[in-house]
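K.L.:
Protein chains in written order, with my numbering: chain A, 15 to 193; chain B, 24 to 157.
Each hint should be verified, as a subset may be incorrect.
What the hints assert, rightly or not - Straight-line Cα separation of at most 30 Å, DSSO-like style, residue types lysine-lysine; simulated pairs:
#	chain 1	residue 1	chain 2	residue 2
1	B	Lys84	A	Lys161
2	B	Lys140	A	Lys81
3	B	Lys117	A	Lys55
4	A	Lys152	B	Lys80
5	B	Lys70	A	Lys161
6	A	Lys161	B	Lys80
7	B	Lys106	A	Lys116
8	B	Lys106	B	Lys124
9	B	Lys131	A	Lys82
10	B	Lys71	B	Lys83
11	B	Lys70	A	Lys159
12	B	Lys100	B	Lys127
13	A	Lys152	B	Lys106
Think of the hints as simulated: they come from the structure by calculation, not from any bench.
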Amino acid sequence: MKPQILMSVFAIFCTALYADSFFERLFEKKDGSIKVAQHIKDRLYIKECGSCHFAYQPEFLPSRSWKKIVSNLEDHFGTDASLESEDLESIEEFLITNAGDKTELKAKKFALSSDRGDIPVRITDLPYFKKEHKEIDKNAVKNEKIKSFANCSACHTDAAPGLYEEKAIVIPGYGRWED
Amino acid sequence: MKRALLIATLILVAANASEIENYLKELAIEAKKEDPNFKAFSAERGKKIFFTYGIGKRGKKIACTSCHTEDLTKPGKNIFTGKEIEPLSPKVNKKRLKNLKDVKKWLKRNFKDVYNKEGSPKEKGDVLTYILNQ
Numbered sequence: 015m016k017p018q019i020l021m022s023v024f025a026i027f028c029t030a031l032y033a034d035s036f037f038e039r040l041f042e043k044k045d046g047s048i049k050v051a052q053h054i055k056d057r058l059y060i061k062e063c064g065s066c067h068f069a070y071q072p073e074f075l076p077s078r079s080w081k082k083i084v085s086n087l088e089d090h091f092g093t094d095a096s097l098e099s100e101d102l103e104s105i106e107e108f109l110i111t112n113a114g115d116k117t118e119l120k121a122k123k124f125a126l127s128s129d130r131g132d133i134p135v136r137i138t139d140l141p142y143f144k145k146e147h148k149e150i151d152k153n154a155v156k157n158e159k160i161k162s163f164a165n166c167s168a169c170h171t172d173a174a175p176g177l178y179e180e181k182a183i184v185i186p187g188y189g190r191w192e193d
Numbered sequence: 024m025k026r027a028l029l030i031a032t033l034i035l036v037a038a039n040a041s042e043i044e045n046y047l048k049e050l051a052i053e054a055k056k057e058d059p060n061f062k063a064f065s066a067e068r069g070k071k072i073f074f075t076y077g078i079g080k081r082g083k084k085i086a087c088t089s090c091h092t093e094d095l096t097k098p099g100k101n102i103f104t105g106k107e108i109e110p111l112s113p114k115v116n117k118k119r120l121k122n123l124k125d126v127k128k129w130l131k132r133n134f135k136d137v138y139n140k141e142g143s144p145k146e147k148g149d150v151l152t153y154i155l156n157q
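Chain A on its own, in the form it takes in the complex:
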């Protein structure tokens, strides 16, 4: 490939990268929201993990938890979720490099709320998760549309873009949540 073509491709690539983060920042400023966790773009993670459940942002758990989870996908909370080794490696890297102990995003509060000696495998077991959800009736989440506290996006309508704002909470069978 000619150097000029190579340079143009590189320039377009850089512009696209910059534009992406620029618009993201612009969007966030406009509605005054601060990101809690990332808006996941990793297609393999979305495909392999997000087919069965909400694609949890890696920031919510510390890296030691993700290591434990991916090491036993044959029995993943009672389900065989095993992966081919190349996919497993790629997903593990994504989870570990973005984990709660490697980020400045707000979700790290969840990951860092567990005792250092613990290796939590459920976000819902974390002390900070429990604190944030203590006002929610345990029976309310048994609603067919929610199933359990593990189904983030059932009530947090902005969970996928990682915003988790209070004003975006709509609990099925209950309605909007206002503190």
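Mind docking chain B on chain A? Use the hints.
P.N.:
Same frame as chain A, now just chain B:
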């Protein structure tokens, strides 16, 4: 350029289609090894497997239809997590049964989910034939 792209697409489509067909042929050879009387896969037997309840994961009595519903042209829902599942029928969902790696993965996992064991080559072929015909 356009023609080259068209040809490339056609080759890709043909390659993908035969990938699943070849897999069915492989399964048929395996099935014949296990049972010399085996003739061919049957969508009818596959349907029976798909609709039969087993004691599956977490000790719960489930069938394939518990999540995928009895109409494969409709979306389903994971009964454990509530996550929506796109229709299995390749007629309404063009992405289905195109990628062999995905097909093998789900057949392995979902047999274990419902029956707590992996399907035999005959069972896998029957279920795959049933889904392909929906």
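K.L.:
Confirm or reject each hint.
P.N.:
Here is what the structure says about each hint:
1. Lys84/B x Lys161/A: holds (17 Å)
2. Lys140/B x Lys81/A: Within the cut-off at roughly 27 Å; holds.
3. Lys117/B x Lys55/A: OK: lysine 117/B and lysine 55/A at ~23 Å, within 30 Å.
4. Lys152/A x Lys80/B: Answer holds: lysine 152/A to lysine 80/B is near 24 Å, not above 30 Å.
5. Lys70/B x Lys161/A: holds (28 Å)
6. Lys161/A x Lys80/B: holds (17 Å)
7. Lys106/B x Lys116/A: holds (29 Å)
8. Lys106/B x Lys124/B: It holds: about 22 Å lies between the C-alpha atoms, which stays within 30 Å.
9. Lys131/B x Lys82/A: Answer holds: lysine 131/B to lysine 82/A is near 23 Å, not above 30 Å.
10. Lys71/B x Lys83/B: Distance ~19 Å between lysine 71/B and lysine 83/B Cα, so the pair holds.
11. Lys70/B x Lys159/A: holds (28 Å)
12. Lys100/B x Lys127/B: Holds, because 20 Å separates the two Cα atoms, which is no more than 30 Å.
13. Lys152/A x Lys106/B: holds (20 Å)
The earlier numbered hints are all upheld by this structure, with none contradicted.
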